[in-house]
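Spelled out from the first residue to the last, the chains are:
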Amino acid sequence: MCTMIAVSAPVKGTGKGPGGWFPITQATIGYDHATHSGTEHALLLDFTNYELGVDARVALELDLRSGRSLVSQLQSAIEAAEALSRDA
Amino acid sequence: MSWNSFKTDDHLGISAEITTYPSGGDRIHAYVVRPHGGVRAPGVVLVHHMPGWDEFYQEFAERLGRHGYLVICPDLYCRFGHGTPDDVAAKARSAGGVHDDSVVSDCAQAAQWLRDDTGCNGRIGIIGSCSGGRHALLTASRVHGFDAVVDLWGGGVIMPDDQLTPARPVAPIEYTADLDAPLLGLFGNDDQSPTPAQVDEHQAELEKHGKAFRFHRYDGAGHGFFYYHTPMYRQAQAMDGWEKVFAFFEEHLER
Numbered sequence: 023m024c025t026m027i028a029v030s031a032p033v034k035g036t037g038k039g040p041g042g043w044f045p046i047t048q049a050t051i052g053y054d055h056a057t058h059s060g061t062e063h064a065l066l067l068d069f070t071n072y073e074l075g076v077d078a079r080v081a082l083e084l085d086l087r088s089g090r091s092l093v094s095q096l097q098s099a100i101e102a103a104e105a106l107s108r109d110a
Numbered sequence: 258m259s260w261n262s263f264k265t266d267d268h269l270g271i272s273a274e275i276t277t278y279p280s281g282g283d284r285i286h287a288y289v290v291r292p293h294g295g296v297r298a299p300g301v302v303l304v305h306h307m308p309g310w311d312e313f314y315q316e317f318a319e320r321l322g323r324h325g326y327l328v329i330c331p332d333l334y335c336r337f338g339h340g341t342p343d344d345v346a347a348k349a350r351s352a353g354g355v356h357d358d359s360v361v362s363d364c365a366q367a368a369q370w371l372r373d374d375t376g377c378n379g380r381i382g383i384i385g386s387c388s389g390g391r392h393a394l395l396t397a398s399r400v401h402g403f404d405a406v407v408d409l410w411g412g413g414v415i416m417p418d419d420q421l422t423p424a425r426p427v428a429p430i431e432y433t434a435d436l437d438a439p440l441l442g443l444f445g446n447d448d449q450s451p452t453p454a455q456v457d458e459h460q461a462e463l464e465k466h467g468k469a470f471r472f473h474r475y476d477g478a479g480h481g482f483f484y485y486h487t488p489m490y491r492q493a494q495a496m497d498g499w500e501k502v503f504a505f506f507e508e509h510l511e512r
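Chains E and S are the protein sequences, given in the same order.
Everything in the first sequence is counted per the numbering used here, starting at 23 for the first residue and increasing by one.
Everything in the second sequence is counted per the numbering used here, starting at 258 for the first residue and increasing by one.
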């Protein structure tokens, strides 16, 4: 099925693609047909800067369990970093 | 002509290339496959799926071409820019998908491109899979003049209000009364979009309006069972499905 699940948010950072590092301006998270993972669907994470071109993109395809794990670890890392900032 | 039923001394050949055609004030890229043989061929608009204007669709077009159809497959994501198919599809996804009106317009212009081609016999079909199946049905419902439409497991024909989006503002089933081309639908009973219940609902709506249609539903198949490059492929169901497509187009486009 085509789920058409996709959400986007502006982000600030850098990503590394085939041409090297470039500024990232947008993150899009989808769950839809996978291109490369060999599964029907995947979590599709795209970190992009479309002002630089369609190929200014760092792409990930993850299964749902990995997505859950990633969210949890991101949350832990962010909380730890914020605690450091408070202590400093 | 069924698959693998050509004669070994037939004059068989195709040419295939990416070209452009005018649509909506732009020039849209399209993959065009032209059968050789010296006879005017039926035309087919081939509508690509959500993963984009990709190599599977080039091979899909070539298969139809080798079976005698003049095929045009528009790049419906053309206005999002150019790159590898998955990069372009990702940009389309990030934008909420291509707008239904844009697809209908590009497909209508593609059909006109076929009619204007001296190699076309004037009969035009439209076919697509996945979102392309939905878009094929939507186009044939909103634009008159198609002689046959094939919906391969198109999800989102039936859309609850909470699934409508700016790019997909109307469920295609709402246009059922306007459909004036015979419809062939192929579906996997394990699909989650469309579900068997949604296919039932679509069938009831077609019957209510007295439309000409044939639906075939396959056990042991889900979504995308023609996709030999994915684990969704189901060999027996796909080969039977291809026979249904060839027979349907032969019946409606080769008269």
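If you're looking for bench data, these hints aren't it; they were derived computationally from the structure.
Errors might be hidden in some of the hints.
Stated by the list, open to error - Below, a sample of chain S positions facing chain E; criterion: calculated Cβ distance under 10 Å: (1) 311; (2) 422; (3) 426; (4) 501.
We treat Cβ as the ideally placed atom computed from N, Cα and C, and that holds for glycine.
Results for each hint:
1. 311: With a minimum Cβ separation of about 9 Å from chain E (threshold 10 Å), the hint on residue 311 of chain S holds.
2. 422: OK, holds: residue 422 of chain S within 10 Å of chain E, min 7 Å.
3. 426: violated (13 Å)
4. 501: violated (21 Å)
Against the hints set out earlier in the document, violations occur for numbers 3 and 4.
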